[in-house]
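**Q** Sequence:
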Amino acid sequence: MLFIFVGVEFVVDKFVSLGNTLANRYAKPMVMGTPWVREPFPTAQKVINLIYFQALLWLTAPYFPYVMVLGPLCLYTTFKFDEWLLKTMMAKPADPWAADDVGAFFFRIFFATFSVALAWYYLFLRVADIHACGPHQYVSTPWDALETYVNNTVGLTGLYRILLNALVLWVIIGLMILRSSTSDSHKEILQDYADVRIGQLSQQSMLLDAKVRVQERQLAALRRQRGALHGGKDK
Numbered sequence: 016m017l018f019i020f021v022g023v024e025f026v027v028d029k030f031v032s033l034g035n036t037l038a039n040r041y042a043k044p045m046v047m048g049t050p051w052v053r054e055p056f057p058t059a060q061k062v063i064n065l066i067y068f069q070a071l072l073w074l075t076a077p078y079f080p081y082v083m084v085l086g087p088l089c090l091y092t093t094f095k096f097d098e099w100l101l102k103t104m105m106a107k108p109a110d111p112w113a114a115d116d117v118g119a120f121f122f123r124i125f126f127a128t129f130s131v132a133l134a135w136y137y138l139f140l141r142v143a144d145i146h147a148c149g150p151h152q153y154v155s156t157p158w159d160a161l162e163t164y165v166n167n168t169v170g171l172t173g174l175y176r177i178l179l180n181a182l183v184l185w186v187i188i189g190l191m192i193l194r195s196s197t198s199d200s201h202k203e204i205l206q207d208y209a210d211v212r213i214g215q216l217s218q219q220s221m222l223l224d225a226k227v228r229v230q231e232r233q234l235a236a237l238r239r240q241r242g243a244l245h246g247g248k249d250k
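Taking our numbering, the leading residue of the sequence shown gets 16, the next gets one more, and so forth.
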């Protein structure tokens with residue numbers, strides 16, 4: 016069922032975007048009698064659609080592992096489609112987002128969807144009484160099969176124990192929170208520096224304008240003196 020959602024989202028998003036763009040390109044000028052104007056590219060909507068589609072891919076993976084191969088192909092196709100749409104029938108956003116704002120917005124929503132996906136995986140692995148087959152037919156939950164595989168694989172046992180340590184988990188969460196807070200502080204510092212720099216440049220510009228006006232007055236006075244001297248010689 017989730018894979019059907021992935022396919023529907025992939026196809027419907029393209030048809031809706033293309034339909035709206037073609038309507039603006041051909042139908043609207045005919046009906047309204049106005050010339051065609053390129054609509055700005057909906058950056059915010061595209062970012063949200065991308066994160067939503069990525070979340071669907073993550074949630075589908077436990078039930079249809081092949082989506083991990085199809086997912087990158089779908090994402091690349093979406094990118095090329097949006098690129099073609101922007102170059103042929105749309106315009107750059109009139110009020111584009113700042114790069115820091117886009118990064119912070121994307122990071123927060125990406126982290127939220129990633130957390131939901133991890134919780135989904137955990138519940139999937141912890142469900143008991145599932146239909147098991149093959150080498151895992153005698154395990155009670157997929158988590159038991161995963162633990163058995165990890166404990167029997169050299170190099171993964173120590174990493175698995177570290178990840179299960181609650182202290183490590185809280186350190187990772189703390190680092191992510193610190194990253195988010197310092198990102199906002201960093202933007203504020205850059206904004207303050209930009210404001211100060213703009214003020215300094217404005218003062219320098221005003222001083223230069225004042226010097227130019229003084230020099231223009233001096234030049235005008237010298238021209239008057241020169242004209243007066245030439246007039247006296249002619250007499």
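Mixed in with the good hints there might be a few duds.
Under the rule of at most 20 Å between Cα atoms (straight-line distance), these lysine-lysine pairs were calculated in the PhoX-like manner [said to hold, decoys possible]:
| id | residue 1 | residue 2 |
| --- | --- | --- |
| 1 | Lys-29 | Lys-95 |
| 2 | Lys-102 | Lys-29 |
| 3 | Lys-61 | Lys-102 |
| 4 | Lys-61 | Lys-107 |
| 5 | Lys-43 | Lys-95 |
| 6 | Lys-29 | Lys-107 |
| 7 | Lys-29 | Lys-61 |
| 8 | Lys-107 | Lys-95 |
None of these hints come from the bench; they were simulated from the model.
**Q** State for each hint whether it applies.
**A** Do the hints match the structure? See the list:
{"no.": "1", "hint": "Lys-29 / Lys-95", "verdict": "11 Å, holds"}
{"no.": "2", "hint": "Lys-102 / Lys-29", "verdict": "16 Å, holds"}
{"no.": "3", "hint": "Lys-61 / Lys-102", "verdict": "15 Å, holds"}
{"no.": "4", "hint": "Lys-61 / Lys-107", "verdict": "13 Å, holds"}
{"no.": "5", "hint": "Lys-43 / Lys-95", "verdict": "26 Å, violated"}
{"no.": "6", "hint": "Lys-29 / Lys-107", "verdict": "19 Å, holds"}
{"no.": "7", "hint": "Lys-29 / Lys-61", "verdict": "11 Å, holds"}
{"no.": "8", "hint": "Lys-107 / Lys-95", "verdict": "16 Å, holds"}
Hint 5 from the list above is the single one not met by this structure.
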